[in-house]
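There are 2 protein chains.
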Amino acid sequence: MHQTIFGEDCAYCQGGELLAKFGIKICDLEVSQLILFKEQSKRGRCVVAYQDHVSEIVDLTEEQRNAFLADVTRAAKAIHKVFNPDKLNYGAYGDTGCHLHVHLVPKYKDGDEWGGVFQMNPGKVFLSDEEYAEMIEQIKAAL
Amino acid sequence: MHQTIFGEDCAYCQGGELLAKFGIKICDLEVSQLILFKEQSKRGRCVVAYQDHVSEIVDLTEEQRNAFLADVTRAAKAIHKVFNPDKLNYGAYGDTGCHLHVHLVPKYKDGDEWGGVFQMNPGKVFLSDEEYAEMIEQIKAAL
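From first to last, the protein sequence lines are chains A and B.
For the first sequence, this note's numbering begins at 4 and goes up steadily by one.
For the second sequence, this note's numbering begins at 4 and goes up steadily by one.
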């Protein structure tokens, strides 16, 4: 991952405490980073954040967009493999930020928020450091 | 657009009354159809639905995925051009359907649902047939 555009107050650019408020970096992918979302009411929820501080996919070249979607798809397939959800939701919002990222949100039949959209951060389920570490190892092994 | 996989009770496959419950077809794109979402609390909201009845982007080949995202980006750029939102949100859910589609939801500073996700169908703002027709012409001209 080779970052060329940077945001001063951006969790995806800065990492550290800003990122730790909601996520744990799993690893770099080709043009993005894969992040475990700490709120786990939808088991396996992750974020794929593009390497540069750009706002939307319309700001990417075709080559950059295809590389980003290859990363998103690679992460999505790993989540399907490890957690076996009935559906994976994909959402890119970021109204007040400007760093392209996609929420990958596994949905389970009769589980939390099944059948609709998903909240940005339901604030319901948080795990222990050991449980996060185990999920991260499972996801990395499935990439 | 050349459809090869078909869903019996699917609004995107059948069109007609099933689609008319929530949308109006604008036009075909290369591998998808572009649909105006009737609920317009976020002015310019559309859906891009893939040509085949497949569930997620993980079910596409790389070539199909790149073509679909090219269509999504083309539609997104047209929405930016016509409606000038402050941000466009992109969401793919479909927990209980199996037809890959992306909601393109323009957000406006201090407007409806600014700063968060968006409801699947807020049911707040519906327009006249003439108003829908005018939006469709604007979008088609900007593609």
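Hints are supplied without guarantee of correctness; some may be wrong.
Because identical chains share one entry, a pair is satisfied inside a single copy or across any pair of copies.
EDC-like, lysine to aspartate or glutamate: derived pairs with alpha carbons at most 16 Å apart [claimed, not checked]:
hint, residue 1, residue 2
1, 112, 12
2, 80, 59
3, 143, 42
4, 28, 137
5, 24, 132
6, 84, 62
7, 84, 132
8, 80, 65
9, 80, 62
10, 127, 31
11, 112, 98
12, 84, 31
13, 84, 59
14, 84, 65
15, 112, 134
16, 127, 115
17, 80, 115
18, 28, 134
19, 127, 116
None of these hints come from the bench; they were simulated from the model.
* Quick one: which hint numbers does this structure break? Sort them smallest to largest. => 1, 3, 7, 10, 12, 14, 15, 17
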